[in-house]
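Guided by the hints, dock chain B onto chain A, whose structure is given.
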Amino acid sequence: MSNDHGHHPEPLSDVERRARALEELLTEKGIVSPEFIDQVVEAYAQDIGPMNGAKVVARAWVDPDYKQRLLANGTAAIAELGFGGPEGDHIVAVENTPEVHNVVVCTLCSCYPWPVLGLPPNWYKSPPYRARMVREPRALLAEMGCPVPEDVEIRVWDSSAEVRYLVLPERPAGTDGAGEDELAAVVTRDAMIGVARP
Amino acid sequence: VEAGVISRDELDARAGTFPLSGPAAVGADDVDPPTPRDAPRFAVGDVVRVRDRHFGGHTRCPRYVRGRRGVIARVDPAAPIPEVEAHRRQRVINPTYGVRFDAGELWSDAAEPNTVVLVDLYDCYLEPA
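One line per chain: the protein sequences are A and B, in this order. First residue of the first sequence: 1, per my numbering; consecutive thereafter. First residue of the second sequence: 1, per my numbering; consecutive thereafter.
Isolated chain A (complex conformation):
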């Protein structure tokens, strides 16, 4: 805590006050139960997150048949590992190669593949990211610490309808002997959005 003894909680921000007002009103009116909200928050805090996507990527790196299935039908291949659910009905996996770098954005809101990546980070929802990633992706990626050489094509995927995208990053050099768990540990959320490399 930043204050002395924790006796004086920080005042709520505007957004927190609005979230609390909505939550109180919806529970008082019996539209949602507090237990339901707790369950959703807990699921996305502990069980559903980028560790799921990392397992998918690691499997694709070690198993060429799985990779083929993942690129042909992302939703089905991801379901093989037990992942699916809201915002995951139509997942398309796009593969980074030495010639192509893929990156994902939702210019209209914050569409994101929840079953494999969890809930989106704040920057993904920010208007500057959403505007600039379609207009000047190479400049923005460089600013974000992921420079892409001029001769590599950038493909920006704007998830403006039903499909949600997962980037399959390139397997890092020097990981030939690594097992699936070890590989999953190097796959970051940002690499699966396409704004970083593992």
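To be clear, the hints were calculated from the coordinates, so they are not data collected in a lab.
One side of the interface only, derived from the structure: several residues of chain B facing chain A at Cβ under 10 Å:
| hint | residue |
| --- | --- |
| 1 | Leu11 |
| 2 | Ala13 |
| 3 | Ala78 |
| 4 | Arg100 |
The calculated DMTMM-like cross-link candidates involving lysine to aspartate or glutamate, where the alpha carbons are at most 25 Å apart (straight line), are:
| hint | chain 1 | residue 1 | chain 2 | residue 2 |
| --- | --- | --- | --- | --- |
| 5 | A | Lys29 | B | Glu2 |
| 6 | A | Lys125 | B | Glu2 |
| 7 | A | Lys55 | A | Asp89 |
Ideal placement from N, C-alpha and C gives every residue a C-beta, glycine not left out.
Leaving out everything else, chain B in the frame of chain A:
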């Protein structure tokens, strides 16, 4: 708030002020009568143009592709048309597509070289080009 589940006053009373997006007053008649469509009108490789319509209500057609020419890159499952669902309260399905645009088509001389943008669009947003 629009559906009357919660009132603006209730929100303001608890949160100080609770700014709402204040959607434009769009009526059901402002939305084109929908054409249900199961079978895709376009195939991978077809050249299409996004209809250059500027609509005040809810849409999933990003402004930056309106009027622009692209190529169908992927045919996706059909889904309810967002405008119709939002403003006519009907679920009328349309195929959706992944459509590929060259950066130059979208941003002209400000485009970064060697860049493409793929945007997912409903059938009714598109016309043959």
